[in-house]
Each structure stands twice: as C-alpha cells, then as structure tokens.
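J.: So the chains spell out like this:
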Amino acid sequence: MQLILEAIREAGSRLLSPDSDLLSATWRTLQVSGTATFISLLLGVPSGVALALYRFPGRIFIVALINTGMGLPPVVVGLFVMLLLWRSGPFGALELLYTPSAMVIAQTLIALPVVAGLSLAALQSLPARLRLQLQALGASTLQTAWLLSREARLPLLAALMAGFGAVISEVGASLMVGGNLRGSTRVLTTAVVLEASKGNFASGIALGLVLLVLAYAINDVLTRLQQRGRERKS
Amino acid sequence: MILATTTSTYDTGLLDALIPPFSTRTGVNVKVIAVGSGQALAMAARGEADLVLTHAPEAEARFMERGHGLLRRRMMYNDFVLVGPPTDPAGVRRSSDVRKALASIQRSGSTFASRADESGTHMMEQKLWYSTGLEPPSGSSYLETGQGMAATLRVASQKRAYTLTDRGTFLAQKHVLDLEILVEGDPALQNIYHLIVVNPENGPRVNVDGAKSLARYLLGEKVLRQVGEFGRDRYGQPLFIPDAELYSEP
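Chains A and B are the protein sequences, given in the same order.
1 is the number of the first residue of the first sequence in our numbering; add one for each residue after it.
1001 is the number of the first residue of the second sequence in our numbering; add one for each residue after it.
If you are wondering where the hints come from, they were derived from the structure by calculation, not from laboratory data.
A hint or two may mislead.
Computed list of lysine to any residue pairs in SDA-like fashion (alpha-carbon distance at most 25 Å, straight line) [as the list claims (entries may be wrong)]: (1) K1174/B x Q135/A; (2) K198/A x Q1039/B; (3) K198/A x D1178/B; (4) K198/A x Q1226/B.
Covered stretches of chain A (chain B as the covering partner; in silico rule of three or more C-beta atoms under 8 Å from a C-beta of chain B) [as the list claims (entries may be wrong)]: (5) 24-35; (6) 198-209.
Where is the CB? At the ideal position from N, CA and C, for every residue including glycine.
Could you build the full structure based on these sequences and the hints that come with them?
T.: Below is the structure:
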C-alpha cells in the first residue's frame, strides 16, 4: 500500500515538472498513433462504405476478414511487420525497422480493420429506404455514398475513436518494430514497460497517467463533435 | 547501426550512459536493441545487427566457429549470484559452492524461478544444473517466466523462490525485492561480457565500419573507466568491472 501511495506522489511531481524523456514519449505517441489513425480513416471509411453499398463476389469473405482483423493481436501484427522489414526481408532496403515509420505501419494495420468494420456497421444501420430515396432523386453513386456517410457521421466518429483507442493503448507491436529507442521510438506504452522492468514503478504510473489524460482529452474533443452533431440533427 | 545486447546492460542504464557521447562525436546513430543473449546472437547471425554485446561464452564461441563474427573481444565482467527469500528454506546461505546449493534447493523441494528464455543467464543456469549431475527441476516448483531478469526477480520475490541473477540487475532492483544474496563468490559464477563485430557476409546491409568504430570506442580507456565507476554512486559498488582486451583487427 505504501508503495502505491509513494508511486502516486512521485508520479504527481514528475507530471508537474515533465522532463525531456516524458515529453518526447508523449509527443511520439501522439504523432505515431495520430498518423496511423488518420491513414486508417482515409482507407478504412471508404472501404467500409463501399462494402456496405455494393454487392460483389468475395464480399462476404472480405467482411469476415475485416471482422477477424478487428480482434487482431498487436503482437502478431508486430511479428508480421518485423519479418517484412528485416534487412534480409522483402522491404529491407527501406531500412524502416526500429523507426517511427515502422510503428505507423504496424498501428495502421491494427486500426484499419477496426475503422473499416465499424464504418461498414455504421452505414448498414441506416434505414435501407434512405438509399432508395436518394437514388430515386437522381443521386449518382458517389453522391449516394457521400450523403449516406454524412448521415452516418456519428457512428463513423465512434469508429474513429475505437481505432485510435486500439493503437494508442497498444504495446506489443510498437515494442517489436520500434525497439523502444529512447528519444526516437519510445512511446508512452513502451516506456511503461521499460520503467516497470527497471523497477521504477512511480515513473511507470506517471507515464500511465499521461496516457490516460491524453486519451481522455482526444476522446473528449471527438465526443463533443459527435454530440454537437447529434443536437443539430434532432 | 544496430547494437543487439542482453537486457542486463540495458536495464541497468549502462548503455544509456555510454552510447550518446559516441553518437554525438561520430554522428553515427546507434540503435540499442535489448534482448536476451540468445536472441541477440540469432539476430546477428542473420545480419540483423552489426555489433553484439552478450554474456554467453559457449554460444558466442559457437557463433564464431560458424564464421558469423569478424572478431570477438572481452569487455567486462561481473558475477552471477544465487538469491532467494530471507527465510532460506533450503538452507544454502553462505554456501561457497553453487552446485551444492542448487542440489539442496532441489532436494528440499523449494521453488526456483528460471528465465527460460535462452538468455545468457538462462544458459548459465542450465549449465549449472547439469553440472550438479541433476536434471533441472520440473513441475510446480520450477517457475519458467520466459521474461527478462528484472521481471523474473519480481516473480521470485513474490513467490518466495530462489533464482540465479547477474549482480548488476539484482542491485538495481533490490529496493523492490524481498530477496537476499545467498550464494556468491564461486568461480563458476563468473559472468563475462564480450563484444562481437558481425561478419558482413551474414546478410545484406551489415554496417561493419560502424560496428568496428563502436567496438573500438567501447574498448577504449575512457569508456572502461566510466564502466568501472558506473553505479558506484547509487549502489555503493560498481555494477560491472572493466576487463577489456585491446581492440585489434585480425
């Protein structure tokens, strides 16, 4: 019990006067997870929308694949990306292993199925009549997709939050492909692992608190956006 | 360039103290990847690392025999110690023979925590068990953590188990552990760290020049003095003792 209290006290003082290690890990977390979420948004939402609106051979297979991917263990993704990025691997010449870019690749693979799967669900939860009405009014295919996505923007934002939540809290893949290098690929979660392995529990708790505050702040902004949209709509 | 190393040189903070001045001076970006000695050598054999710093003499010798390394030089040592719960249920305290101590632990059915991860420490533990003439214990009294030294020490502390650890990691972790050093000083417990420059023929893009220049730096007088002082202020004794071979190329 005493250790816990001590740890919280020390965590508090570290938070009040953050050092460069803490700031760099925080910044790197935002940068890597933010980029990965953004790429998943660009790729995942259109794929989810397309899968919701069009029927084509192999569609069920792809949807099942995405649904499986939503629960993909980060360590498996990490292992897979690592094998591809080894110096002797197919993308070895790019020298990407143990760089933030490698972490972005791995985290994108983790977030993409989440964003795509939830986008698909979001579009499918709209009343089917809506689409027929839009088409009857003469909307083109792209226009239909755009208008339906607008209509589903609240659950689409939820998809975005879920994708971001999956990657900012992830540690296995980041550790494997990033290498937890100080000032370069050390993010908050991998720093927690290191501090705990060094026996510096107070620092670990401080880093954990920063992570929670960060995740809360971002979700707070997104939730406000979402709920504001809701009020306008009703 | 990539330096693959054992967790003990990293978890103690030694490399964080030694590497940055080298990077600043030479402009060479060194990526320190901390894994067990076994994994470090396996990475190097595929050319995924340029320099290794490990403490697994037999595995290193096999590595050199297979032609995976260009040169191997001793850098420093410390020692392994047998730690356990202060109550010492197997009664091994102050034994000067680690093999006898391990035999008593097994005979008394006391719990033993093993790294079980092909690290240098794990290889040493296996060697000691076999040299007692006994099989390593199995079953519920042998805990295989599969984790690094610090994590294994915490498991041992919580489970009131004995374990074999390098002295440096134990000293660095002692404040969160309910464990004591019970056996030390047996010559069989010496823990030697070697640097190996990886053979560029192991794979594409091995940075042999970077590896050579970092090895020369780490075996230099200034760094070795730093190694000998490292940890003295915090733990009252140095965590590693420099004992380097001169840097030379064959």
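J.: Hint by hint, say whether it matches the structure.
T.: Checked hints:
no. : hint             : verdict
1   : K1174/B x Q135/A : 71 Å, violated
2   : K198/A x Q1039/B : 20 Å, holds
3   : K198/A x D1178/B : 16 Å, holds
4   : K198/A x Q1226/B : 21 Å, holds
5   : 24-35            : violated (count 0)
6   : 198-209          : holds (count 3)
When the structure is compared with the earlier hints, violations turn up for hints 1, 5 and for no others.
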